[in-house]
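Enquirer: Sequence:
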Amino acid sequence: MSGPYDVLADAYAALLELTERVYLPDQSLPDDETPLIRLDLIGWTDRARYGSASALTRIQVSVWANSLDAAISLHQQARERLVGLRYRPDGGGQLSDPDTKQFGWRADYRR
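Position 72 of the sequence shown, counted from 1, bears residue number 72 in full-length UniProt numbering, the numbering being contiguous throughout.
Hint data in this document are derived by calculation from the structure and do not stem from the laboratory.
Just so it is clear, CB atoms sit at the ideal spot from N, CA and C, and this is done for glycine as well.
Label-pair restraints from in silico Cβ distances:
| hint | residue 1 | residue 2 | range |
| --- | --- | --- | --- |
| 1 | 100 | 16 | 19 to 29 Å |
| 2 | 33 | 6 | 26 to 36 Å |
| 3 | 45 | 99 | 25 to 35 Å |
| 4 | 24 | 97 | 10 to 20 Å |
| 5 | 68 | 40 | 15 to 25 Å |
Sequences are here, hints too, so could you generate the full structure?
Expert: Here is the structure:
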């Protein structure tokens, strides 16, 4: 059985195949406007604790780019890669940040 950090590591490795600009929460984001992906562990349930058939880990993938079309395109590539690794989409939508000129798209996944 894999734990939540194994699930996060699998997603990180898969996203690195798309771009080397994949960041975890403890890493500083660059100041430039090059497209990037931010990956975050947002929750998990422990199989032993809840007595369920399997553990569930939730991750969030945030994509930032110079245009909304570019952000959505990179998001779609990330989605295809993660779905191929048995991650299931679990919501998402457009992001905005008044401190940046970039456009963002967020998606949650579970596995």
